[in-house]
Amino acid sequence: MEFSYIPIILSLKVALAAVIIVACSSIPIAALMAKREFWGKDVVESIITLPLVLPPSVIGFMLLYVFGKNGPLGKLFELWFHTRIVFTLAGAVIAAAVVAFPLMYQAVKVAIENVDQNLEKAARTLGARELRVFFTITLPLALNGIVAGLVLAFARSLGEFGATLMIAGNIPGKTQTMPIAIYFANEAGDTGQASILVIIMTVFSFLVIYGLNRWGKGPRRDTRGGGA
Amino acid sequence: MLKAHFKKKLPTFELEADISLSNGILALVGPSGAGKTTILQCLAGLQTPSWGEINIHGKNVFSSQHGTDVPIRNRRIGYVFQDYALFPNMTVEKNVMYGKPKKGSVPNKVLTAANVLEMLKIEHLRNRYPNQISGGEKQRVALARALMTEPELLLLDEPLSALDQDTRSTLQQELLKLQAQWQIPFILVTHDPQEAEMLGDQIIKLDRGKQEGIRKLHRVQ
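For the record, the sequence lines run as chains H and F. For the record, in the first sequence the residue sitting at position 163 is 163 according to the working numbering, with numbers rising by one throughout. For the record, in the second sequence the residue sitting at position 48 is 48 according to the working numbering, with numbers rising by one throughout.
So that you can see chain H by itself, here it is in the shape it has in the complex:
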């Protein structure tokens, strides 16, 4: 059979969209969780981290329930946008975003917590409001962690299989991303197609991990306040 590159394009689309969603949502949530104390914080923290430990099939099942034809958000989408989520690329994006979110969240939260609080205090004594402190001090100094989180989230989105299969299905040319294409090509005995995709995914994942490790060892910007 002829090699199809469409799963690669679909995977890249899904991963990119998922990373944008994850970045926009995880940074404010991580900042809030790192900086504020509130009642029930531990419960919220556990819910946020849950997709990291739940089997993909459980996440897929939950997403189907919420975004399905009769699910609360599924109905809303139908009503507002006259479109459905299940068995579309949007479903694959949602599945990827949900599994990638905790990785990005953890990385950003740790990075924000590691910013020297004296620097933030110093900015306040210099007249800065909280938003200015966040955008001029906290965020730039947490940048290393944020970039690491983005790369991990992208890689995780690219590799998402179980939940994606359940909510977006296996529609070649429409929702069939790389991991799903590998599974079904292998099932159908098309080892040629499967092998090429396997090699691409493996090389890419290796490069991500290698790049992160190298970067972690590189000259890091000093996040301390220039202390002696």
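Warning: the hint list may mix true and false statements.
With a straight-line Cα cutoff of 27 angstroms, these simulated DSSO-like cross-link-like pairs (lysine-lysine) come out [what the hints assert, rightly or not]:
| no. | chain 1 | residue 1 | chain 2 | residue 2 |
| --- | --- | --- | --- | --- |
| 1 | H | Lys69 | H | Lys13 |
| 2 | H | Lys35 | F | Lys94 |
| 3 | F | Lys3 | F | Lys100 |
| 4 | F | Lys210 | F | Lys3 |
| 5 | F | Lys9 | H | Lys35 |
| 6 | F | Lys100 | F | Lys59 |
Rough simulated footprint, nothing fancy, chain F against chain H, three-plus residues with beta-carbon under 8 angstroms [stated by the list, open to error]:
| no. | segment |
| --- | --- |
| 7 | 112-124 |
| 8 | 134-147 |
Hints are computed from structural coordinates only; laboratory data are not their basis. Remember, it's a predicted structure, so these values are computed and weren't measured experimentally. No residue lacks a Cβ here, since even glycine has one placed at the ideal position from N, Cα and C.
Here the structure of chain H is known, so what remains is to put chain F in place on it, guided by the hints.
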């Protein structure tokens, strides 16, 4: 003019501060853990006292009785941190300019980065990053940055403790000069009694949150 009388509960003791200062340098001296930094942080608004009142230039910035707690950014207090707390992601000049009041908000002095940098002899460092300058230079940048906000009170937390003896003596002299020039009250925390004697117009000894002695000196300028 600073008038403050407040208490703050700490894990092992209760801190009580009773400070009155119109001009000159007040040296807060005492061993580690005596509560010196806590006093500065309460004055600046970085910590909240459990009881009391703080007035700066006749303006009430904290009162437990009336529920007043003016945010840090509106207290007009300069703060020099023990480890300088220079922003590592900004050049010396950007650090110094960070707290410059917006045009028109403070009409009494015309301050530019250039003359503050010059006053503290750090013009040549303006494009460097904090990790590219020495401890003494960091201290000058931290001072310049705090003064740039045109504070009505300057708090210095162990500003000279991490410096070598030579740099320390030079900076001690410069602090005295700076105070004479600037004419605002300075509160300086130190664990070194000699430094307190040398710099303080007034000395408060602190031990486990209690003020043990207040001495007013008349320093020969």
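Hints and how they fare:
1. H:Lys69 to H:Lys13: This hinted pair holds, its Cα atoms lying about 24 angstroms apart.
2. H:Lys35 to F:Lys94: Within the cut-off at roughly 26 angstroms; holds.
3. F:Lys3 to F:Lys100: holds, 26 angstroms
4. F:Lys210 to F:Lys3: holds, 17 angstroms
5. F:Lys9 to H:Lys35: Roughly 23 angstroms separates the two Cα atoms, so the pair holds.
6. F:Lys100 to F:Lys59: holds, 22 angstroms
7. 112-124: holds (count 7)
8. 134-147: Three-residue rule met by the segment 134-147 of chain H, so holds; n is 4.
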